[in-house]
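*Asks:* Protein sequences appear in the order of chains A and B.
The numbering used here numbers the first residue of the first sequence as 1 and each following residue consecutively.
The numbering used here numbers the first residue of the second sequence as 1001 and each following residue consecutively.
Just so you know, not all the hints are guaranteed correct.
Taking lysine to aspartate or glutamate pairs in the EDC-like style, the calculated list, with each CA pair at most 16 Å apart, reads [to be verified]:
{"no.": "1", "chain 1": "B", "residue 1": "K1301", "chain 2": "A", "residue 2": "E80"}
{"no.": "2", "chain 1": "B", "residue 1": "K1561", "chain 2": "A", "residue 2": "E78"}
{"no.": "3", "chain 1": "B", "residue 1": "K1366", "chain 2": "A", "residue 2": "E81"}
{"no.": "4", "chain 1": "B", "residue 1": "K1563", "chain 2": "A", "residue 2": "E78"}
{"no.": "5", "chain 1": "B", "residue 1": "K1366", "chain 2": "A", "residue 2": "E80"}
{"no.": "6", "chain 1": "B", "residue 1": "K1301", "chain 2": "A", "residue 2": "E73"}
{"no.": "7", "chain 1": "B", "residue 1": "K1366", "chain 2": "A", "residue 2": "E78"}
{"no.": "8", "chain 1": "A", "residue 1": "K211", "chain 2": "B", "residue 2": "D1521"}
{"no.": "9", "chain 1": "B", "residue 1": "K1366", "chain 2": "A", "residue 2": "E73"}
{"no.": "10", "chain 1": "A", "residue 1": "K107", "chain 2": "A", "residue 2": "D39"}
{"no.": "11", "chain 1": "A", "residue 1": "K211", "chain 2": "B", "residue 2": "D1089"}
{"no.": "12", "chain 1": "B", "residue 1": "K1301", "chain 2": "A", "residue 2": "D39"}
{"no.": "13", "chain 1": "B", "residue 1": "K1218", "chain 2": "A", "residue 2": "E81"}
Here are some, though not all, of the chain A residues that point toward chain B, as calculated from beta-carbon distances under 10 Å [unchecked claim]:
{"no.": "14", "residue": "S23"}
{"no.": "15", "residue": "A34"}
{"no.": "16", "residue": "N72"}
{"no.": "17", "residue": "H110"}
{"no.": "18", "residue": "Y150"}
{"no.": "19", "residue": "S165"}
{"no.": "20", "residue": "Q176"}
{"no.": "21", "residue": "E190"}
{"no.": "22", "residue": "F208"}
Source of the hints: derived by calculation from the structure; they are not laboratory data.
Source: prediction; values computed, not measured.
Ideal Cβ placement from N, Cα and C applies to all residues, glycine included.
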Amino acid sequence: MNKKGPLYALFLSLVLLLPGCSSLAVLNPKGPAARTLSDTIILSILVMMGVLAVVYILYVFVLVKYRAKKSNEGYIPEHEEGNKVLEAIWIIIPIIIVAFLSVVTVKSTHAVENVAEQYKDQDPLVIYASSSNWKWHFSYPEEGIETVNYVNIPVHRAVEFRLYSFGTITSFWIPQLAGQKYAMSDMLTELNLSADTVGSYMGRNSNFSGKGFAHMEFEALVMTGDEYNEWVQDVKANEPELTEDEFKGLLAAEHLGRKTYSSTHLTFSPPPGDHSEHMSGDGSEMNMENGNEDHQDNKDIHPSPEPSSQTEFDGEPNPELEEPLPSFPADESTHEGH
Amino acid sequence: MDLEKFKVHGEPLIYGAMISIALATIGIIVGLTYFKKWGYLWREWLTTVDHKRIGVMYIIAALLMLFRGGVDALMMRLQTAAPEMKFLDAQHYNEVFTTHGLIMILFMAMPFIIGLMNVIIPLQIGARDVAFPRLNAISFWLFFMGAMLLNISFVVGGSPDAGWSAYFPLASIEFSPTVGNNYYSLALQISGIGTLMTGVNFIVTILKMRAPGMTLMKMPMFTWSVLITNIIIVFAFPVLTVALALMMFDRLFGSQFFTMANGGMDMLWANLFWVWGHPEVYIVILPAFGIYSEIIATFSKKNLYGYTSMVFSMVIISLLSFLVWAHHFYTMGQGVMVNSFFSITTMAIAVPTGVKIFNWLFTLRKGRISFTTPMLYTLAFIPIFTIGGVTGVMLAMASADYQYHNTMFLVAHFHYVLIPGAVFAVIAGFHYWFPKVFGFRLNDRIGKHAFWWIAISFNVTFFPMFFLGLMGMTRRMYTYSEESGFGPLNMLSFAGALGLAIGFVILVYNIYWSTRYAPRDTNGDPWDGRTLEWATHSPIPAYNFAVIPKVNSRDPYWESKQKNTPLYEDKITKIHLPNNTGKPFILGVIFFFLGFFLVFSMWIPAIVAGVGIIIMLAVMSFERDHGFYISAEEVAATEKKLRGETV
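In isolation and in its complexed conformation, chain B is listed as follows (with noise of 0.2 Å):
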């Protein structure tokens, strides 16, 4: 065994994040030890199958890693702040912006996005849980540890640094002999097995589970999204699953699948990560466009407008998703039919897209809109979302494409869809959708303090870099010549920059401002909600609703509000639920080991764990776990407790 492949050489910057860790990681044993929490971790949160729990763990690991993605965000704009920056060297530059792309988009996206649908989903149709709970304890569990796989590459044996599209033969052992995109392959196949099982989970929790009354035309558009976002997932995350394994057995095994030598074809990784790689910007976008929906109705006191084109457009869009692959890479030489072909088909996608932006602004158009925290950032969304959706169009075009493709324009651009499109999103779902699960809302002052300044400093920030792309200057440079006349516009771009960080310092801030001082919601509805997420109590009972509610309009909860007529019809009568298990976790763990032990090429004990991971799975087959039942009783006293009476 080789010690020295394990360390990371010389970066000041490196040792400082060792000792913050292991300080982090000290505070936290410390910590659970001192206040005896052990046993309420494990039982509460580490063993928990509960889909709002969960939801929540996949939320604080989402902003987590917001956290560590936005200090790679704001080392790259300080490298580049100025020409010739001596912050950081090529190779550090190169592993820092390959982690903030499959960081940010792997796991904070993404995560966000599925905590918020574990939270929501099953609240929002009526059930009490997922279809699989336990399948979801193992979605997160994997997604976790792929994730902290990913993380500690930075401070043993070398992050990865062929960028986040990991091209081949950058990629491949030669050019990058280090273990850092063995770190990739692993680290994103352990995640993306877990996101694979939640797509297949969310599709059957939607299609089986709903409320009585409540059809497919009738589902809220937030599950309307989420459903076709599963689809997507479905469809597109087994390619980027066998992608990996040929790009594992490239480094790990010696085959010869996108390496220049014996008929190995760089292009075709190329073609299947973006075959993956174009619907996951999907699957990131769509359930930003439910949240958007569900607020912007709240907040304007109106049904959604246009209804039907509205799911219609996102069934185009993600059909179209699988279509476009070929517009990330127009200068490979593919000749004029097809770049043409590809234009059209990623032009297309600005119809229905456009019909979703009418439509929101048609719901706003007589309504009563009030600009709450959540709202604020959702009216922000259109018209920066739309800068990013025009110059989407502009570079669907293959022949100005070959002038964008790679430049800084490029840059701006995909900034200009996923920081309003998905970013937005989630802060703004976060806040809506906070006192549904915590019992109390996040403060409004503070709340709209963080986001102006977040949504000027976006501007500053991405703003300058349609310039920069236009003089020439392309993504991924780490360092840049007094000449260029790149400096002054960088410089105002790492002004942005450090504006948005102050602007997440005050979000968190108010989080905990909002802890310890707001005032506690009583009724669970604190936005005169519509759809039935806010017809139960919050904090939310275990059970979610004590009796199943029967729907017959698109915003039941809104209707039997203004109609007075009764949502819950039955009696209530006992509940059956799923019981915590820790084999998920475990399971986890023994997944974060292997995919350890391969990146280091240590056989024996990957084939430990391999074994490992073979047995937990039988073990898991044969076990017979009927869950248990809360007795009739029980919910109806836990029923007034949570209404404020006294038993």
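For reference, chain A alone in the conformation it holds in the complex (with noise of 0.2 Å):
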């Protein structure tokens, strides 16, 4: 009497598991961040395969032994209570499971939250990124570019987005380069990511957020060095700027197509504090010169020097000097990961 559903199931996910990872973009990392949480996932199944064999094994084993039968026929089992050993094991096993599942999550918690290790020397690229209706704007401000519904993005670069939303909570996802975070209105969130890989990535909301979320996807493209510094060039001398009157009429718009743009609209149209200056009262604007912007925007995040800290990022320290871009590994060709 063992059911054919789950054993099918098992079946099914050994075989589509292992070899067929690269249909399966959350086990097809790009970038350290995501390939964190692959192998925090393939650990995890690996875990509850153990856990559920156990279960099944038990389980066929006593359905087959003590179903009725002719000949146990009139059989009357007898008063069982229980058994001290037996059930404190299946106590005292599953918490030893569930504590070292417990590790892995607070340790690759902590590693995805923060700049991955072998960028941490690196002065990271702010993108804002920041949605309404159904699209996400794109702001540098180190570039002072803008763009709508594509990044791009350099390889081999620390990436920190900041998110937030001019309406609904959207999320914030690229499952082959990190996990989602959400975008909200009333207050700013971080993600840390990098590309490791040149490459077109699929990134969308995915937080349901009304009639048009099926649509709202955007492109991540991962480019070199090289092309990414011609790339903001090339917008720099070829686009136009992003006026107050354009934004706004970004922003009632349903749907756009891509667009780009050679100003950013953090000028005029500031984001939202982290939760730092709710709590301190303290809602100082952050519109100022570009970069003058994110080196104070960094401060309210990662207040340094104040203990009262109300941040709810526990990131690294960032450079507190703004540098000019930080230079790309001289290799470029690694197209394929490493």
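Put the two chains together into one complex; each comes in its own frame, and the hints tell you how they fit.
*Replies:* This is the structure we're talking about:
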């Protein structure tokens, strides 16, 4: 009487998991954060397979052996109170498993909430990603450029996304590069990621946000450092500035194609403060010059000297000084990972 | 008055729904009139305070809602079966998945479980009714009217469309200007008040009305699970009540609790919702555990293994259920510390749940297992629910959840928990206790056909969703592109959904078939049961037990059958029972209108209805009704008749 469904399921999962990872975006990571998560997921699947195996073996054994049949007709099972030792075993072993997974969770959560180890010494590239209706705005304060519905980032570079929303709660997700995080109207959230393979990746809002939700996708294009610099220069030279009126139009639109501008909306429409500002009542606006503003904002999110910091993110300390763009790794030919 | 806002436009499906609702209503009215059943309906059902009849009404309502929620599910699966399907548009799809969630959780799973507990709990503890029979009727009618209010939203004004969790600011008047989310706040509020009163009623019933000798640690496991569940209800539902009230103020009266402007906080809604929402999951799962415990013990002919640890594991689950709510939004940016805390508390729930699984397996061990229909659902529950459980642990890991959150992986997980956990349990309980209420069993052969359709199709429907999630498909997408590659697995899932539908049709057919042809039980104990509900007749007399039984073990009826000791020692005396009353029904109807008028901001009628409610409450408070007595002779005569002896 064993159930065919779960057994089939187990089989299917083995078949699909091991060789077929490439179609499973989450298990086909292209950056350190997503790789940490993929490893965590596969580890947890293996542990859980073990748990399932124990339960299923016991289950099949009991059902086969103790089913009612002709030979045991009239058999009335004895009263059985329980067994302290056995019950202790199935309390203690799960506790050990949970403890192990807790350690894994805390470590991996800490890892993906911060800049990946190998990019720690870089000054991260800051990009504000904000959502409105069913589109994404990407503002590059340092470069002074802005895009809609696509984001270009250099490979092998720590990127710090600062997320917020002009409306409903959305969730910023590029499955092959990092896990998701909410973008909300009243608080700035932060997502660290980096890519180690050049390529185009699907990014989308994963949190239901109304009518146009299904189509709220964007392209995350990872390019070499040179290509990226070239693109930035090209945008600055050839694209129009983003005026306040133009931006109002963008916000009002439901869906948009790709757009590119040579200035950001942050100058006239500052992002919400992070939580520490709410708490201290210091709603200082950040509409100053681009470079300066980034610096200022970093201090808000990671106030290093004040012990009273209400910071939500226990991130690594950022370099205090604004530096020119950090140098990229000289080798740009790592198209297929390492 | 602007009639435009009552209308729902455009969709042939909605016109179809309108026509079928109208036809069904006309059919019911004509039928009742033709067969002259209005009086019967009023006297025996609408005014009843009998826990058994209220329970049956809960279950009928739940089955109707199961049909409605199931049709929603089929429409969703059809719409996503292939890329770029044009069956539903985005708005309609959003309404359908929102109502699917609301109906299945609040108007199917909960009332089904509350229905079973209404029928069974007083019997299991050897009582004649619940502690407050009239309150029980009010609970039912409030639940029922809340459910009806939500259901008419589909054709009058538009359904809620912001997901069953109705996250702000999406559910605010700014982003959801239709009346849909007004329905949400009022329908849930009305039925939620009913549920809260059920909670109070059953805690008092179980604590105060047990048969002599039944100490807490001698209570049947289902009774224990219901006690704990109702304690959770009493602690969790006030949070929902407050959250819904604030939502109503935001939407109807322009307050700014959760809005984007003036210091409103969308995150507050998410927290309040899940502080209720997570315990809510255990409100539907724990009684299911109780039902499975009863069925496993009965059909392996053994007492429950590790009774004490079973009780304690439920107590621990209920405590932990209030400490895990933030795992529904790890991605809100709380940071590593907070997420780690909630990860650990969430994973900790796996420990007591595992204890229960192993105790069930060891109850089966050395038993004599017979595979009846209720037992099949129970046995299918163990392996399927375990998949739901282990994926739950995977989701509990905050870091990994950054990749699962909002994806089909999550959808697969919670269906793997809720369908074997709650739906299989209520179906199993339905088959198991059906003969107690109606005096005949559902056909086993047809029942098994339905079971295999449902169990296999369930896995075909939901297992592919784990992979869809890992492929990057988010939930609540009404369509997707060809290139995404989501097509084939979604088609498989749709095929499974059709199989599930077939299974449920067979199940319903079984009720019809068995009503006509199944042989009638004579002794009230068709399964060789162990607990007190089997010690009385089927169908159950109005007073449940002619004499209150004396209890001195956990399986009193089993003991008395094995050792041939008498369960009843006292003589038959006159029995006191409460009078029927139509006031709970009338109160419910007024609440329905109050809700309806508020949904459409029709203030004057709403005030009139509100005053009506206050008057009703005052009338009911000052009413003196001492019930009535059934004389000892009449009880004795009824008992004889039920035993099949001629009077």
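*Asks:* A separate judgement is required for each hint: does it hold in the structure or not?
*Replies:* Results for each hint:
With a C-alpha separation of about 11 Å, the suggested pair K1301 (chain B) and E80 (chain A) falls inside the 16 Å cut-off, and the hint holds. Distance hint between K1561 (chain B) and E78 (chain A) is fulfilled; the C-alpha atoms sit about 15 Å from each other, no more than 16 Å. A C-alpha spacing of about 13 Å is found between K1366 (chain B) and E81 (chain A), which places the hinted pair at or below 16 Å, so the restraint holds. In summary, the hint linking K1563 (chain B) to E78 (chain A) is supported, as the alpha carbons are separated by about 14 Å, within the 16 Å threshold.
Only pairs whose Cα atoms come within 16 Å are accepted, and K1366 (chain B) paired with E80 (chain A) is accepted, the gap being roughly 9 Å. With a C-alpha separation of about 12 Å, the suggested pairing of K1301 (chain B) with E73 (chain A) holds against the 16 Å cut-off. For the suggested pair K1366 (chain B) and E78 (chain A), the alpha carbons sit about 8 Å apart, so the restraint of at most 16 Å is met. Between K211 (chain A) and D1521 (chain B) the CA atoms are separated by roughly 55 Å; this puts the pair beyond 16 Å, and the hint is violated.
A distance of roughly 13 Å separates the Cα atoms of K1366 (chain B) and E73 (chain A); the hinted pair therefore holds under the 16 Å criterion. For a cut-off of 16 Å, the pair hint linking K107 (chain A) to D39 (chain A) stands: about 12 Å separates their Cα positions. In summary, the hint linking K211 (chain A) to D1089 (chain B) is supported, as the alpha carbons are separated by about 9 Å, within the 16 Å threshold. Restraint check for K1301 (chain B) and D39 (chain A): the C-alpha separation of about 46 Å exceeds 16 Å, so the hint is violated.
For the suggested pair K1218 (chain B) and E81 (chain A), the alpha carbons sit about 13 Å apart, so the restraint of at most 16 Å is met. A distance limit of 10 Å between C-beta atoms decides the matter here; for S23 (chain A) the minimum to chain B is near 6 Å, and the interface restraint holds. The beta carbon of A34 (chain A) comes within 8 Å of a beta carbon in chain B, closer than 10 Å, and the hint placing it at the interface holds. The closest approach between the C-beta of N72 (chain A) and any C-beta of chain B is roughly 6 Å, which is under the 10 Å cut-off, so the hint is satisfied.
Against a cut-off of 10 Å between C-beta atoms, the interface hint on H110 (chain A) holds, since the closest Cβ of chain B lies about 5 Å away. The criterion of a C-beta within 10 Å of any C-beta in chain B is not met by Y150 (chain A), whose closest approach is roughly 16 Å, and the hint is violated. At its closest, the beta carbon of S165 (chain A) sits 9 Å from a beta carbon of chain B; the interface hint therefore holds under the 10 Å criterion. For Q176 (chain A), the interface hint holds, since its Cβ comes within 10 Å of a Cβ in chain B; the closest pair sits about 8 Å apart.
About 7 Å separates the beta-carbon of E190 (chain A) from the nearest beta-carbon of chain B, less than 10 Å, and the hint is met. The interface hint given for F208 (chain A) is met, as the beta carbon of that residue sits about 4 Å from the closest beta carbon of chain B, less than 10 Å.
The structure fails to meet hints 8, 12, 18 from the earlier list, while all remaining hints are met.
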